[in-house]
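Chemist: Residue-level listing of the chains:
Number of protein chains: 2
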Amino acid sequence: MSHAAISDVLAGKYPLKETLTIKGWVRTVRSNPNFAFINLHDGSCFDPIQVIADSNLANYAEIAKLTTSCSLAITGTLVESAGKGQSFEIQATEVEIIGLVEDPDTYPMAPKRHSVEYLREHAHLRPRTNLIGAVTRVRNCLAQAIHRYFHENGFQWIATPIITASDCEGAGEMFRVSTLDAVNPPMKDNGEVDYSEDFFGKEAFLTVSGQLNVETYCCALSKVYTFGPTFRAENSNTSRHLAEFWMVEPEIAFADLATVASCAEDMLKYVFKAVLAERMDDLEFFDLRVQKGVVERLKTLTESEFVRMDYTDAIDILLKSGQKFEFPVEWGIDLSSEHERYLAEKHVGGPVILQNYPKDIKAFYMRLNDDGKTVAAMDVLAPGIGEIIGGSQREDRLDILDARMHEVDLNPEDYYWYRDLRRYGSVPHGGFGLGFERLVAYVTGVQNVRDVIPFPRAPKTASF
Amino acid sequence: MSHAAISDVLAGKYPLKETLTIKGWVRTVRSNPNFAFINLHDGSCFDPIQVIADSNLANYAEIAKLTTSCSLAITGTLVESAGKGQSFEIQATEVEIIGLVEDPDTYPMAPKRHSVEYLREHAHLRPRTNLIGAVTRVRNCLAQAIHRYFHENGFQWIATPIITASDCEGAGEMFRVSTLDAVNPPMKDNGEVDYSEDFFGKEAFLTVSGQLNVETYCCALSKVYTFGPTFRAENSNTSRHLAEFWMVEPEIAFADLATVASCAEDMLKYVFKAVLAERMDDLEFFDLRVQKGVVERLKTLTESEFVRMDYTDAIDILLKSGQKFEFPVEWGIDLSSEHERYLAEKHVGGPVILQNYPKDIKAFYMRLNDDGKTVAAMDVLAPGIGEIIGGSQREDRLDILDARMHEVDLNPEDYYWYRDLRRYGSVPHGGFGLGFERLVAYVTGVQNVRDVIPFPRAPKTASF
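Those protein sequence lines, which keep their order, are chains A and B.
With the numbering used here applied, the first sequence covers 1 to 464.
With the numbering used here applied, the second sequence covers 1 to 464.
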């Protein structure tokens, strides 16, 4: 017999007095000689459902001894809840014990508050906690909303390659991928490893971004996006960095910077609305237990107009702010988090899209503006976090692209295929990148991105 | 001014006589002294739209010289099409030339039939062809439908790790991920590389499957799935193998093999229906130019009942078939493609779900049946391809799991976290794996999986 999801039962999808079977894991049990109250959880929503098991059940003695995380199948009658909180509970007619917990006293997920560090060490069991369960459902909701947003707006999802042999910018921070014997790799006469004998016939790495690849599809299908894992071999042990993280990178043809900025604003509002509509149960938990105000912050963002501001104007505002910053402000600097947060939180009091940055602090592929000093780049700054999205219009003029590559010491021949897009029916186009874990951390208020991805990868960290 | 997607124009979403702007790339141009007929394509659907440019346009001389892949912005009036085929065309009032094609005579994607091998060498330009454009839209449609199916059915998407340091089965076929100096890695006294100095503090690899990891989330959230890249360092140069491919792996708690099989059948039918409903334009192209009958095959599958058959019965059928097989049939063999296709195509004449395979040809984690000889494994065999999905109920009994690990020489300690799932509230559960590229190849009729992923990775192949 098939069983009911607890989310459906609590949402009132079944009529009162119906006989139902539910299956899940015990959160808590309280018992007295007459009754046991079982809170059963199946992960389908934040709340467990309360089950009342009467002492006349044949296996009542075993039921009364159940502990957290024992697995059960319960059949019973759906009744109105007498207690406060929930509208429904189950009056059990049968409680089948499926799996017990070996030595409950040493069970690592015993029902008490655990530190996030402790939970990371038990990443295989932490989805059983309120915190990680809620993160998982919100993360799923956001991912589904992202796919849905792009699908509804005519974008094609493109699986850009994970393994790349392109000589890319930032190669120093890349992971090498190889099947060569690590102790005795084949060598060339000049003392270098002979990667022609490696699996791919050349040195290969894990991708740091799908952008250059996805531009090739953009220049044929107009609207495309990636949603896949990317990698940084940076030795950063911060709460905002992972060695392996998921990135969303849309790319739009026949688009200028304003179009790219509007897409970023629309997409964020769409996914925030989705999570407010679909996962209020989990959001209320985050608001109560993780970061006060996350719900209000999301609601405000969906209703705010994202203010557009030029980098040059932002520098003026910061200089005139009278504010003391750790890093001094002058035109040409890369803004740091304190500057970004001042602009979004203090000056504007809402989200800001900063535009037209100095070319020297931005990547070679960003489109040079007519002033010759700035490029058509944009960052979306959100209150409470600072930069959440970075994007740009791409340089679509071959001669200027080549000049920029020479300026930053890149060899245009290594990018022949990227250059071809500018030789054959070039079009203005642009896009942005959204670090998915940072989005999940922002929505949930969780401080460390290691707690919003199932099995975090970071320096000295690759367990499970 | 914003522009219209050609898919919307051809679908009749704009009224006749409306003034529209469309943007895209030239497929073909025919011109005479009075008119030019431009077929403009923007990737939003299979068909380009026909545009008529009158010779009284100011830049008519340039228009008449346009070649394939030049990029244009065209403004004009939507009119009924005089020709056959399409209902609508555009009477241009302005043709803005955005980007020309440098030396059209050497343009690699000149409008003629190219071999798939040639297209792979130009993977950055091949999305401009009918073939790869259609593959991309169908691939996107299938991916969206997969996410939608699981979302609608209460599954949570889980991003299982790409980099893994687990000592897994099949490590011989894994790619090593490292940041160590390849020429002079730090060495231990025993002559082995000292991976404690590597980025992750131990030897790390690219994942071959997210299944074991996703089981940890299944045993907390009940219904979960992965959809991400997986890797095999197999030196296989076949039309069915890639070194990097995307896999879909649902995992269901409180499920037996029958539930897993039903989920596989439901999911396949759901995504086949989606592609029939949404991408008939591309499917008709595949039917006409790639493989006759693909549309009929999909339609038939959505209406078929997938026949359940025991492995043992299948062996009997093959033995009694009178058929001459290259690989001889006896109980205990791993079926090869010729056997699977005989069963699906000749014997049943439709899809078959083969169940309960000999334990010795299946993985250690599959649930041992009461006969002690077979495991609760299943493969979905589809006409025209053979195995398209493989899955199983998982062994949820710790003692039997341990015994199986010893039998196949795995060290249970390496799997302590996997074993913990059986120690703490174990539940019957199971799932399956679907190779996404094989699904796309099956739906489109494209013979080689290298042509259904944007940038294929295979031995000696990692360009772009």
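Hints were generated in silico from the structure; no laboratory data involved.
Any given hint might turn out to be false.
As the list claims (entries may be wrong) - Calculated cross-link-like contacts (lysine to any residue; reagent style SDA-like; alpha-carbon spacing at most 20 Å):
| hint | chain 1 | residue 1 | chain 2 | residue 2 |
| --- | --- | --- | --- | --- |
| 1 | A | Lys13 | A | Ala64 |
| 2 | A | Lys202 | B | Lys460 |
| 3 | B | Lys13 | A | Gly154 |
| 4 | A | Lys373 | A | Asp399 |
| 5 | B | Lys188 | A | Pro185 |
| 6 | B | Lys13 | B | Val116 |
| 7 | A | Lys202 | B | Leu180 |
| 8 | B | Lys292 | B | Pro328 |
| 9 | A | Lys460 | B | Arg120 |
| 10 | B | Lys202 | B | Leu180 |
| 11 | A | Lys188 | B | Leu180 |
| 12 | A | Lys202 | B | Phe464 |
| 13 | A | Lys202 | B | Glu197 |
| 14 | A | Lys460 | B | Asn153 |
| 15 | B | Lys346 | B | Arg397 |
| 16 | A | Lys13 | B | Asn153 |
Said to hold, decoys possible - Stretches of chain A that chain B covers, calculated by requiring three or more beta carbons in the stretch to come under 8 Å of a beta carbon on chain B:
| hint | stretch |
| --- | --- |
| 17 | 42-56 |
| 18 | 151-157 |
| 19 | 336-342 |
To be verified - Facing chain A, according to a computed beta carbon distance under 10 Å, are these residues of chain B, among others:
| hint | residue |
| --- | --- |
| 20 | His3 |
| 21 | Ala73 |
| 22 | Gly83 |
| 23 | Lys84 |
| 24 | Gly85 |
| 25 | Ala159 |
| 26 | Ile162 |
| 27 | Arg176 |
| 28 | Val177 |
| 29 | Gly425 |
Please read all numbers here as calculations on a predicted model, not as lab measurements.
Where a beta carbon is used, it is the ideal one built from N, C-alpha and C, also for glycine.
Chemist: Against which earlier hints does the structure fall short, listed by number upward?
Modeler: Violated hints (numbers, rising): 1, 6, 8, 9, 13, 14, 15, 19, 22, 23, 24; every other hint is consistent with the structure.
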